[in-house]
Amino acid sequence: EVQLLESGGGLLQPGGSLRLSCAASGFSFTSYDMGWVRQAPGKGLEWVSGISNSGVDTFYSDSVKGRFTISRDNSKNTLYLQMNSLTVEDTAVYYCAKDSPRSDGYFYFDNWGRGTLVTVSS
Amino acid sequence: DIQMTQSPSSLSASVGDRVTITCRASQSISKFLNWYQQKPGKAPNLLTTSASSLQSGVPSRFSGRGSGTDFTLTISSLQPEDFATYYCQQSYTTPITFGQGTRLEIK
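From first to last, the protein sequence lines are chains A and B.
Residue numbers for the first sequence follow this note's numbering, so the first one is 95 and each next one is one higher.
Residue numbers for the second sequence follow this note's numbering, so the first one is 1012 and each next one is one higher.
If we strip away everything but chain A, and leave its shape as in the complex, we get (with noise of 0.2 angstroms):
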C-alpha cells in the first residue's frame, strides 16, 4: 500500500522559512516523479512543484519560483520542499503526490498523502 506523509508544517510569520517532508513507502520510490500541491483554506487545488524521479529535473508554479525548492533523497525515500520568504498567501495545507505512471505528458497524481498545515500570520 502507497503511504505517503507529511510532515514539518506549522504557524510562522510573514518573511519566515520552512522545510517540508514527505516520507514514501510501499512503491519503488526512485522510479517515480513526486510533486506537491497545496490548498489555501477553503479554495481550490494549485500544483506548486514537481520533481523528477532522479531528481535532476524540477518544476514550479510561478507563485513560488525563486522561493521554494523541491528535492528528494532517494537513500531515505524522502521528498522535501523547502519554502523561503514565505507570505500569507502561502497559507495552505500541502499535500505531497506521487505521480502516475505515464509515457507522455507531465504529471498527475494517483496518491496523495494526508496534508500538512503551514499557517503564515504576523
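These are computed hints drawn from the structure, not numbers from a lab.
All residues carry an ideal CB built from backbone N, CA and C; glycine is no exception.
Honestly, I wouldn't trust all of these hints.
Think about it this way: if two alpha-carbon atoms lie no more than 20 angstroms apart in a straight line, the pair counts; the simulated PhoX-like pairs of lysine-lysine are [stated by the list, open to error]:
#1 Lys137(A) <-> Lys1050(B)
#2 Lys1050(B) <-> Lys1118(B)
#3 Lys1053(B) <-> Lys137(A)
Computed beta-carbon distance windows for the label pairs [what the hints assert, rightly or not]:
#4 Ser148(A) <-> Ile1117(B): 45 to 51 angstroms
#5 Ser122(A) <-> Ser1039(B): 32 to 38 angstroms
#6 Ser122(A) <-> Ser1071(B): 36 to 42 angstroms
#7 Ser1039(B) <-> Leu105(A): 39 to 45 angstroms
#8 Gln1090(B) <-> Thr152(A): 38 to 44 angstroms
#9 Asp1012(B) <-> Pro135(A): 21 to 27 angstroms
#10 Gln1090(B) <-> Thr213(A): 43 to 49 angstroms
From the structure, some residues in chain B lie toward chain A, with a derived Cβ separation under 10 angstroms [said to hold, decoys possible]:
#11 Asp1012
#12 Ser1061
#13 Ser1063
#14 Tyr1098
#15 Thr1104
Dock chain B against chain A, hints included.
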C-alpha cells in the same frame, strides 16, 4: 499558463440523477486532462486520466470525454458518496493547472 475553467461552479442534484461537469482549457491540451474528486477534509482522489481512462477502483458510473479544449466528466447515476468537489487538471505542460472546482451538493 494554461487556464482551466470548470462549469458550473456548483451544482445541486439528487441521488439517481445524471450529471455532467464541463472543463475548458484556454488552449489545446490534446488528451492530457485528468479529473479528481475531493471530499471535505480529505486529499483528492484521481478518477480519470488522459480524458477518458478510468482509474482502477473507480466505479463505472464515472466517465470522461473530450479532447483539445473541451472536456466533460459525467456521473451516470449519482450515489450518496458522490457528493463532493470535482477538479479537472491539465498535464499537457508545466505549470500544471487545475480548474477552480465544481461543488456537487445534494438537492
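Tested hints:
1. Lys137(A) <-> Lys1050(B): holds (13 angstroms)
2. Lys1050(B) <-> Lys1118(B): holds (17 angstroms)
3. Lys1053(B) <-> Lys137(A): holds (13 angstroms)
4. Ser148(A) <-> Ile1117(B): 45 to 51 angstroms: Holds - the Cβ-Cβ distance for Ser148(A) and Ile1117(B), about 46 angstroms, lies within 45 to 51 angstroms.
5. Ser122(A) <-> Ser1039(B): 32 to 38 angstroms: At 34 angstroms between Cβs, range holds.
6. Ser122(A) <-> Ser1071(B): 36 to 42 angstroms: violated (29 angstroms)
7. Ser1039(B) <-> Leu105(A): 39 to 45 angstroms: The hinted range 39 to 45 angstroms holds for Ser1039(B) and Leu105(A), with Cβ atoms some 43 angstroms apart.
8. Gln1090(B) <-> Thr152(A): 38 to 44 angstroms: holds (40 angstroms)
9. Asp1012(B) <-> Pro135(A): 21 to 27 angstroms: holds (23 angstroms)
10. Gln1090(B) <-> Thr213(A): 43 to 49 angstroms: Because 35 angstroms falls outside the window, the suggested range is violated.
11. Asp1012: Holds, because the Cβ-Cβ distance from Asp1012(B) to chain A comes to roughly 7 angstroms (cut-off 10 angstroms).
12. Ser1061: At 8 angstroms from the nearest chain A Cβ, Ser1061(B) passes the 10 angstroms test, so the hint holds.
13. Ser1063: violated (14 angstroms)
14. Tyr1098: holds (5 angstroms)
15. Thr1104: Hint holds; Thr1104(B) Cβ to chain A Cβ min 6 angstroms, cut 10 angstroms.
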